[in-house]
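Student: What follows is the residue order along each chain.
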Amino acid sequence: MAVLPGIEVEHRPSDPPKSRTRWIASEEASGLALISPTLLYALALLFLPVLIVIAYSFWTQDYLTIDRTFTLENYRTALGEPIYQDLLVRSLVISLVVSLVTVTVSYPIAWFISFHGGVHKNLWLFLITVPCWTSYLLRVMSWKVILGYGGVMNTGLLSIGLIDKPLTTLLYNSNAVVITLVHSWAAFAILPIYVSLEKVDRSLIEAAHDLGDNKLMSFLRVTLPLSLPGVISAFLIVMIPTVGDYVTPKLVGGKDGVMIATAIQAQFGKGANWPLGAALSVTTMVVVSAIAGLVVLLLKLLVRVTK
Amino acid sequence: MPDKPMIAIEGVNKFYGIYKALDNVSLDIAAGEFFSLLGPSGCGKTTLLRSIAGFDTPTEGDIRIDGQSVIGVPPNHRPTNMVFQNYAIFPHLNVEENVAYGLKRLKLDATEERRRVAAALEQVRLGHLGKRRAHELSGGQRQRVALARALVMRPKVLLLDEPLSALDKKLREEMQVELRTLQRAVGITFILVTHDQYEALALSDRIAVMFGGRIAQVATPKEIYQRPNTRQVADFLGGMNFMKARVTNETATRISVETPRFGGVTVDKPLGFIARNGAATIGIRPERLRVLWDDARSDFEVAGKVVDRHYFGEITHLIVDIPGLEQPLSVSETNNFGADDIPVGDTVRLAYDPDALVAVAD
Amino acid sequence: MSGRHGIPKSRWLPAYVGLYLLFLYFPILLLPIFSFNNASTTTFPLAGFTTKWYASLWGNSAMLEAARNSLIVGISVAILSTILGICAARALTRYRFRGKKPATGLIMAPLFLPEIIVAVSLLMVLLQLGLELSLVTVILGQVIFCLPYAMSVLISGFDGFDRSLEEASLDLGETAIGTFRRVTLPVVAPAIVSSLLVSFTVSLDEFILAFFLSGTEPTLPVYIWGQLRFAAKLPGVLALGSLMLLISILLLTLSEIIRRRAEHRLRAQGAHHA
Chain Z
1 MAVLPGIEVE HRPSDPPKSR TRWIASEEAS GLALISPTLL YALALLFLPV
51 LIVIAYSFWT QDYLTIDRTF TLENYRTALG EPIYQDLLVR SLVISLVVSL
101 VTVTVSYPIA WFISFHGGVH KNLWLFLITV PCWTSYLLRV MSWKVILGYG
151 GVMNTGLLSI GLIDKPLTTL LYNSNAVVIT LVHSWAAFAI LPIYVSLEKV
201 DRSLIEAAHD LGDNKLMSFL RVTLPLSLPG VISAFLIVMI PTVGDYVTPK
251 LVGGKDGVMI ATAIQAQFGK GANWPLGAAL SVTTMVVVSA IAGLVVLLLK
301 LLVRVTK
Chain D
1 MPDKPMIAIE GVNKFYGIYK ALDNVSLDIA AGEFFSLLGP SGCGKTTLLR
51 SIAGFDTPTE GDIRIDGQSV IGVPPNHRPT NMVFQNYAIF PHLNVEENVA
101 YGLKRLKLDA TEERRRVAAA LEQVRLGHLG KRRAHELSGG QRQRVALARA
151 LVMRPKVLLL DEPLSALDKK LREEMQVELR TLQRAVGITF ILVTHDQYEA
201 LALSDRIAVM FGGRIAQVAT PKEIYQRPNT RQVADFLGGM NFMKARVTNE
251 TATRISVETP RFGGVTVDKP LGFIARNGAA TIGIRPERLR VLWDDARSDF
301 EVAGKVVDRH YFGEITHLIV DIPGLEQPLS VSETNNFGAD DIPVGDTVRL
351 AYDPDALVAV AD
Chain G
1 MSGRHGIPKS RWLPAYVGLY LLFLYFPILL LPIFSFNNAS TTTFPLAGFT
51 TKWYASLWGN SAMLEAARNS LIVGISVAIL STILGICAAR ALTRYRFRGK
101 KPATGLIMAP LFLPEIIVAV SLLMVLLQLG LELSLVTVIL GQVIFCLPYA
151 MSVLISGFDG FDRSLEEASL DLGETAIGTF RRVTLPVVAP AIVSSLLVSF
201 TVSLDEFILA FFLSGTEPTL PVYIWGQLRF AAKLPGVLAL GSLMLLISIL
251 LLTLSEIIRR RAEHRLRAQG AHHA
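The listed protein sequences derive, respectively, from chains Z, D and G.
Counting from 1, one number per residue, gives the positions in the first sequence under this note's numbering.
Counting from 1, one number per residue, gives the positions in the second sequence under this note's numbering.
Counting from 1, one number per residue, gives the positions in the third sequence under this note's numbering.
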């Protein structure tokens, strides 16, 4: 399937070096001109809105009118109110757990396809990624079916006799949210790791064996560190979008598994407090980026240790 | 150069920023010549070829094809056609459609077009593969499709950018013969870019050797090989033994030198020769030294101890230490007479032809 | 090849992969299973086969409306994303200019952002601009989300396309426009088709942006969301969901086949470039 991260657009090494002559300058101009519609679109509908969100987070709203005086009131609410703190922490913990579990669970699969996939590598990749291209909403729904009181899990366990009455703890809590999210993101995490593993020069592993490493050691000392960029990519792809997930907590989270997205959405619905919604969004982004950054650093340190 | 040359390159400079890819290149190529641009990677030969084709524009200078300047003329309006290094076969068209590609714009009637395509394919011996696609062809076959596609356009000049470099040795040698035969049959000017000296020597009517964006020497293969102008050219086309000799006399075209061990000789003066401290560099090719067996004698011989021996199947390289010479001599001898058995440490006597000695400008 | 670089656990690895695939597919397969189930709750044991839930869809005008909307949005998003994607992919693979990395980063950013933040920020901007929420706003928003997918497909399509093919065309006498028509377009056509299919499918399945940015005209996922409150409607929703699942998988398989076939042809161009 199409590769998502890892977009390499370098030219062949035989091309002449950069210059300032008129010809190359016009190539640059043509290149910029060509990419400009897309770039402008992204600037207008992605970058600009984000800036506006940040701006809004410093204003206040009184029913339908926006008061543009600079204020930190929204941030005080977002960071100070226990309910929002609670939501934020819960969302971060869930996204952290989901991304760590997903990456760990997906790595062996990516490794299997890359090293043992043989001629059918692409087929394996396709099989693995097809589920993740289907409707996210439908996938969450299917977990509702599985984990429900009268759901597949319960009726299945009942019929085998492992339990004698249906479990109520399967659905409508954070565990359900975590399981559902891991399932949703599992295939997404495989791709970047796979791409990274494909780039690992097999002869390096053979060299490690030649120098005395057994299979486990060569994996820890050569393959794992070299595939780290892919792991980090996968981690970020899962963690950051997950923290703001709306559908899963709403459908399977119940009261225990509520996440910050619910609160954000409320501000844009009946709550009608855009500035607060903006502040909550910014806070979430900043905090999740910080934590993600920390985890990435930790991963890099860990790998350095295994050398 | 009789008549007007087919290609006249005058004072061409090409800059990429501060990097000078072509330095004051001037060259004349005659109609019907098989001309090679030879040199190591980065010497500017491909840049020059692409400038003739129209894919690169010289910063300064003029290029004239059949009398007409082509500076500013885009590649699709030039009377040249190119065979690209990776062949550039259109993957979405089959062989026939590829060859017919350039003919489409001529709006020929269908029978005529088909005839020309068939003739072109016959010429490169691919007549039976017309319906195949690129990924169903071998490297050698793709190369021939590229040739047919260019030749069917009947260009005045055919440009070939290292067309054989991707093929393995045996196939390359076969294709070299085919190229030469093809050029003679078709009769148009071929300009070949290559880094393989043997290829250039085997195929060309004349060769231009290039280093660092400059032309070092333009001559026939024999002249370039036997009378290289400079040390660089000599080294690039096979090995050469060099020694310093004392200049005893110098005229406009000849110099007389006193060599260590090889006696006094008078040789042609190379272009741009300047005696430094009254010394000249003299060279002799390894294969021009012949081992003298048993009692054989020669008027011109040197003797020394074999310090190393390398076997290459057809020939053996002997490294012979000659007292009085700074560097040991490299001798290339056929194994017909047992050169591969000469023990290291033995003394050998080597005969040479004084005509084989050349002076090179450093 | 098997076992050569394997870590000692290579015996349970295939079993693990099998289990993983089961984990991935089982929940999804439940939808069609229960959509044919003759009961209005999703419990085992199954109560017999029926197609009545599918039949009920045809008479459901609200659903058909939503389907029509999804189609309009999907096609528009596919075309728009692909066109913008072609410009960007061509620029990035063919030309040299400064700012490639930031530009790529910006366009790919939606993959790394929580969708809800993209949604609310767009909501704010579009409402500020005075636009009313409608299918148009959904289209505008979904393009931002589909662009990264379209770009990935198009970049790999353009990347494998050697510059010398265009030079050869010019060399043989063709004009620049003729070259584009006779060489560039046909060679990248599979990538373009692939991009259209992928963008359409992503748009079809997309929920959050549609939820936030649609006015009174829902797309299918938004419609489904609305129906989830009603337990009785669940089987019908499952039937609809199963159909959507089928369509998505078919379109994506088609897209992959097209892409693979083209890549196979291009790859044969030789090992001596890139």
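Be a bit skeptical, because a hint or two may be false.
Stated by the list, open to error - Only pairs whose alpha carbons sit at most 20 Å apart, straight line, appear in this in silico SDA-like list of lysine to any residue: (1) D/244 / D/273; (2) D/222 / D/202; (3) D/4 / D/33; (4) Z/144 / G/254; (5) Z/121 / G/179; (6) G/101 / Z/34; (7) Z/144 / Z/166; (8) D/222 / D/30; (9) Z/199 / Z/108; (10) G/100 / Z/144; (11) G/100 / Z/41; (12) Z/144 / G/101; (13) Z/165 / G/254; (14) Z/250 / G/254; (15) G/101 / Z/30.
It should be emphasised that the hints constitute simulated quantities derived from the structure, not laboratory data.
Student: Would you mind confirming whether the straight-line C-alpha gap from residue 100 of chain G to residue 144 of chain Z stays at or under 20 Å?
Tutor: 43 Å, violated
Student: For the pair supplied as a hint, residue 144 of chain Z and residue 166 of chain Z, is the alpha-carbon distance within the 20 Å limit?
Tutor: Holds: residue 144 of chain Z and residue 166 of chain Z sit about 15 Å apart, inside 20 Å.
Student: Keeping to a limit of 20 Å between CA atoms, is the pair of residue 144 of chain Z and residue 101 of chain G held or broken?
Tutor: Violated, because 41 Å separates the two Cα atoms, which is more than 20 Å.
Student: Please work out if residue 222 of chain D and residue 202 of chain D have their alpha carbons no farther apart than 20 Å.
Tutor: 10 Å, holds
Student: Would you mind confirming whether the straight-line C-alpha gap from residue 100 of chain G to residue 41 of chain Z stays at or under 20 Å?
Tutor: 16 Å, holds
Student: Hey, residue 121 of chain Z versus residue 179 of chain G, does the alpha-carbon distance stay inside 20 Å?
Tutor: 35 Å, violated
Student: Going straight from one Cα to the other, do residue 199 of chain Z and residue 108 of chain Z come out at no more than 20 Å?
Tutor: With a Cα-Cα distance of about 16 Å, the restraint between residue 199 of chain Z and residue 108 of chain Z holds, given a limit of 20 Å.
Student: Take a quick look at whether residue 144 of chain Z and residue 254 of chain G sit within 20 Å of each other, Cα to Cα.
Tutor: 30 Å, violated
Student: Just to be careful, I want the Cα atoms of residue 222 of chain D and residue 30 of chain D compared with a cutoff of 20 Å; is the pair within it?
Tutor: Status holds; Cα separation ~18 Å.
Student: If you draw a straight line from the CA of residue 101 of chain G to the CA of residue 30 of chain Z, is it 20 Å or shorter?
Tutor: Holds. Residue 101 of chain G to residue 30 of chain Z sits at ~17 Å (cutoff 20 Å).
Student: Keeping to a limit of 20 Å between CA atoms, is the pair of residue 244 of chain D and residue 273 of chain D held or broken?
Tutor: Status holds; Cα separation ~14 Å.
Student: Keeping to a limit of 20 Å between CA atoms, is the pair of residue 250 of chain Z and residue 254 of chain G held or broken?
Tutor: Measuring from Cα to Cα gives roughly 33 Å; hence the hint is violated.
In this structure, the earlier hints numbered 4, 5, 10, 12, 13, 14 are contradicted, and the remaining ones agree with it.
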